[in-house]
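*Asks:* Heads up: the protein sequence lines correspond to chains U and A, in order.
Just so we're aligned: 103 in the numbering used here is position 103 of the first sequence, and the numbers increase by one with no gaps anywhere.
Just so we're aligned: 113 in the numbering used here is position 113 of the second sequence, and the numbers increase by one with no gaps anywhere.
These are calculated hints, taken from the structure and not from any lab test.
Bear in mind that the values here come from a model prediction, so they are computed numbers and not experimental data.
Mixed in with the good hints, there may be bad ones.
[What the hints assert, rightly or not] Now the in silico label distances, taken between C-beta atoms and shown as ranges:
{"no.": "1", "chain 1": "U", "residue 1": "Ser5", "chain 2": "A", "residue 2": "Gln326", "range": "42 to 50 Å"}
{"no.": "2", "chain 1": "A", "residue 1": "Leu14", "chain 2": "U", "residue 2": "Ser5", "range": "56 to 64 Å"}
{"no.": "3", "chain 1": "U", "residue 1": "Gly113", "chain 2": "A", "residue 2": "Ala356", "range": "49 to 57 Å"}
{"no.": "4", "chain 1": "U", "residue 1": "Ser4", "chain 2": "A", "residue 2": "Ile392", "range": "50 to 58 Å"}
{"no.": "5", "chain 1": "U", "residue 1": "Leu176", "chain 2": "A", "residue 2": "Leu103", "range": "38 to 46 Å"}
All C-beta atoms in this analysis are idealised placements derived from N, C-alpha and C, irrespective of residue type, glycine included.
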Amino acid sequence: MKNSSRRGFMGKAFGAVAGVGAVASLYAMKRSWDPLPSVKAAGFTTLDMSAYKENELVTEKWRGKPIFVLKQTADMVAKAKKNPKDMDRLIKIGDAHFMVCVGLCTHLGCIPGYRPETEDFLCACHGGMYDFTAEVTKAPPPRGLDIPPFKIDGNKLVLGEEGPEYKKMLEAGTTLKV
Amino acid sequence: MAHFTKATSLHDWLNQRMGIDTVRRVMATEYWIPKNINFLWAMGMVLAITFAMLLVSGIFLLMYYQPNVDLAFDSVNYTIMQEVGFGWLWRHIHGVAASVVFLIIYIHMFTGIYYGSYKQGREMIWISGMLLFVAFSAEAFSGYMLPWGQMSYWAGMVITNLFSGGSLHADGLVEWIRGDYVPAQAFLNRFFMLHVLLIPLAILGLIGLHFGALRIPHVNNQDGEEIDFEAEAAKYKAGDKKGSKVIAFVNDFMSKDMMVVGIYLIFFFYLVFYHYDFAMDPVNFDPANGLKTPAHIYPEWYFLWSYEILRPFSTDVGLIAFAFAQVIFVLLPFLDRSPNTIPASRRGLFKYWFWAMLIDMIILTAMGKVPPSGIFSTIGLYAALTFIGLWIALPFITKMEKKA
Chain U
1 MKNSSRRGFM
11 GKAFGAVAGV
21 GAVASLYAMK
31 RSWDPLPSVK
41 AAGFTTLDMS
51 AYKENELVTE
61 KWRGKPIFVL
71 KQTADMVAKA
81 KKNPKDMDRL
91 IKIGDAHFMV
101 CVGLCTHLGC
111 IPGYRPETED
121 FLCACHGGMY
131 DFTAEVTKAP
141 PPRGLDIPPF
151 KIDGNKLVLG
161 EEGPEYKKML
171 EAGTTLKV
Chain A
1 MAHFTKATSL
11 HDWLNQRMGI
21 DTVRRVMATE
31 YWIPKNINFL
41 WAMGMVLAIT
51 FAMLLVSGIF
61 LLMYYQPNVD
71 LAFDSVNYTI
81 MQEVGFGWLW
91 RHIHGVAASV
101 VFLIIYIHMF
111 TGIYYGSYKQ
121 GREMIWISGM
131 LLFVAFSAEA
141 FSGYMLPWGQ
151 MSYWAGMVIT
161 NLFSGGSLHA
171 DGLVEWIRGD
181 YVPAQAFLNR
191 FFMLHVLLIP
201 LAILGLIGLH
211 FGALRIPHVN
221 NQDGEEIDFE
231 AEAAKYKAGD
241 KKGSKVIAFV
251 NDFMSKDMMV
261 VGIYLIFFFY
271 LVFYHYDFAM
281 DPVNFDPANG
291 LKTPAHIYPE
301 WYFLWSYEIL
311 RPFSTDVGLI
321 AFAFAQVIFV
331 LLPFLDRSPN
341 TIPASRRGLF
351 KYWFWAMLID
361 MIILTAMGKV
371 PPSGIFSTIG
381 LYAALTFIGL
391 WIALPFITKM
401 EKKA
């Protein structure tokens with residue numbers, strides 16, 4: 001039989017060696033494209049939350065991404081309380097409420113602009129809109145702006161660490177993991 | 001061992017060792033082209049020449065370009081543009097050629113669609129051509145990253161985000177492609193590698209495949225006539241050049257080809273010297289800034305039609321429509337169910353399909369450029385739906401077509 005001949009055996013043996021080699025090199029290539037450990041390690045930012053002013057958007061930086069911080073006015077909090085979905089998105093530190101989120105449109109990653117007069121965000125790329133808690137109000141974005149992992153530490157907020165308040169948001173589906 | 005005799009000339013010496021006479025015959029003097037063609041048949045050579053110019057200008061740019069997020073912008077806008085002697089020339093040739101090459105590709109494509117040059121044995125020419133289109137698109141995109149201006153950065157952000165697959169949230173895949181959470185050093189370096197090595201290699205291979213696919217079915221002609229190339233070639237070789245339906249690739253066809261190339265090059269260098277700015281987006285003369293999106297992000301003109309198919313829909317539907325637009329042209333030989341290989345003008349409903357498709361893609365291109373609001377949003381949506389509708393209709397209208 002041809003298949004059980006010595007030539008057939010050599011063909012299969014070569015195929016097996018080449019197959020293992022091909023899989024191994026593909027794995028090595030995949031790993032070489034992974035983000036470097038140094039890139040992954042530089043992932044924490046601490047914000048001092050006492051420095052922000054109401055209805056004034058400040059853009060911080062975390063993992064190379066813009067982070068929006070918007071201290072809510074009493075008016076905004078009152079409006080948010082009527083809409084539990086909005087209220088869930090706010091972070092309470094002391095007596096103040098903050099909207100903290102990754103400032104990249106959940107559609108394709110442009111940076112939406114904040115309009116303090118209308119208290120909403122407009123993404124110029126494809127016309128998506130968000131309210132003052134960065135919940136989406138007009139498509140194409142599929143969801144509100146994502147909230148980065150945070151941990152409340154007194155008056156400070158540590159981005160990149162997962163505190164209990166953040167975990168609750170994840171479980172409730174208020175935000176996706178970023 | 002093969003037998004070698006004392007060479008009578010350098011030509012004979014090479015011929016004995018390399019068979020250069022045979023190569024010349026097979027590749028040039030006895031490669032047959034129909035007579036019944038027009039200037040649109042010269043677009044292949046125009047593309048080959050444009051690719052050669054991209055390669056040569058790219059080599060000179062490569063000598064001064066720095067693939068580093070802190071240096072890239074200045075290496076292009078200061079070193080190459082102001083310090084390097086004639087550096088501006090290479091950059092403008094490279095930028096203009098990158099844009100014009102797509103214009104010629106689209107003309108080449110629509111010529112093929114009009115004359116039915118993707119059917120009856122020419123399917124592989126079409127498929128390899130569409131693979132070249134994909135490779136050129138990837139080459140154009142990766143090259144666009146390199147000056148590391150605002151448009152480079154944000155186009156990189158938006159296009160890599162497409163790979164998250166909308167609701168699939170494959171953010172890990174996006175980060176893997178970038179090598180970082182956002183486009184940064186790893187991203188610039190790997191796209192530099194893709195632009196100067198891997199994709200050009202693929203393009204060279206695909207050009208070989210494209211030419212090889214042409215060899216057996218031969219070039220189509222203005223009437224889609226099935227030519228007996230062997231019989232016609234025999235007539236030509238017997239001296240009946242007037243009666244033969246074919247001419248030799250070299251010198252007959254090439255001399256006409258080069259006439260078209262000559263006219264094209266005058267137009268091309270007019271753009272390079274006087275209107276290079278159309279290929280240089282002013283926004284990309286601001287250095288990349290990850291904390292500031294430009295007011296209005298749009299791709300280069302040649303991607304606008306597919307961008308506009310993505311834009312009017314919600315993320316997931318948009319992505320599916322976009323993916324559809326990217327692959328559907330490849331399937332053209334199989335979606336066209338008509339047995340006729342004749343110009344669109346003689347093909348009943350297909351005639352209207354052809355012009356509707358061409359006009360729809362021009363509308364999509366125009367709508368992709370303007371801000372996505374009001375009436376433009378609506379026109380864009382209907383143009384995108386028309387694009388999809390036309391492709392769905394194609395098998396049915398071609399099925400109904402009578403055998404000509």
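*Asks:* Now tell me, hint by hint, if it's right for this structure.
*Replies:* Cross-check of the supplied hints:
1. At about 47 Å, the beta-carbon gap between serine 5 (chain U) and glutamine 326 (chain A) stays in the expected band of 42 to 50 Å.
2. At about 44 Å, the beta-carbon gap between leucine 14 (chain A) and serine 5 (chain U) misses the expected band of 56 to 64 Å.
3. For the hinted restraint 49 to 57 Å between glycine 113 (chain U) and alanine 356 (chain A), the CB-CB distance of approximately 38 Å leaves it violated.
4. Under the hint 50 to 58 Å, the C-beta atoms of serine 4 (chain U) and isoleucine 392 (chain A), about 52 Å apart, fit the expected range.
5. At roughly 41 Å, the beta carbons of leucine 176 (chain U) and leucine 103 (chain A) sit within the given window of 38 to 46 Å.
The structure fails to meet hints 2, 3 from the earlier list, while all remaining hints are met.
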